[in-house]
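**Q** Make a model of the complete structure from these sequences and hints.
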Amino acid sequence: MEIAAIVFVVFIIAVAVVTFFILKKAIKMAVRAGVVFLILLIGIIGAASLWYYNSDSNSTKTPAATNKKSR
Numbered sequence: 000m001e002i003a004a005i006v007f008v009v010f011i012i013a014v015a016v017v018t019f020f021i022l023k024k025a026i027k028m029a030v031r032a033g034v035v036f037l038i039l040l041i042g043i044i045g046a047a048s049l050w051y052y053n054s055d056s057n058s059t060k061t062p063a064a065t066n067k068k069s070r
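Residue numbers (numbering that gives the first Met the number 0): 0 to 70.
Be aware that one or more of the hints could be misleading.
Unchecked claim - Here are the in silico distance ranges between beta carbons for each label pair:
#, residue 1, residue 2, range
1, Leu22, Ala47, 21 to 31 Å
2, Met28, Ala3, 55 to 65 Å
3, Ile21, Ile44, 20 to 30 Å
4, Tyr52, Val14, 16 to 26 Å
It is worth saying that the hints were derived from the structure and are not from the lab. Quick caveat: nothing in here was measured; it's all calculated off a predicted structure. A virtual CB, placed ideally from N, CA and C, is assigned to each residue, including glycine.
**A** Below, the structure is given as structure tokens:
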């Protein structure tokens, strides 16, 4: 699940970069930087939560049951 968190962060960074350049001519730099900061903050929080909730080291994973053929 760590890979999902990394992919999520990379995706959010790409969205932030695209948003920054789309808003380049429309809005002043301070507002543009604020929007990009919010997008990156959402990405970091999302990735951290993915990583935290799916890296339970205390949980024991039982192996899959083996099927025996009767004949």
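**Q** Which of the listed hints are not met by the structure?
**A** Structure breaks hint 2 only.
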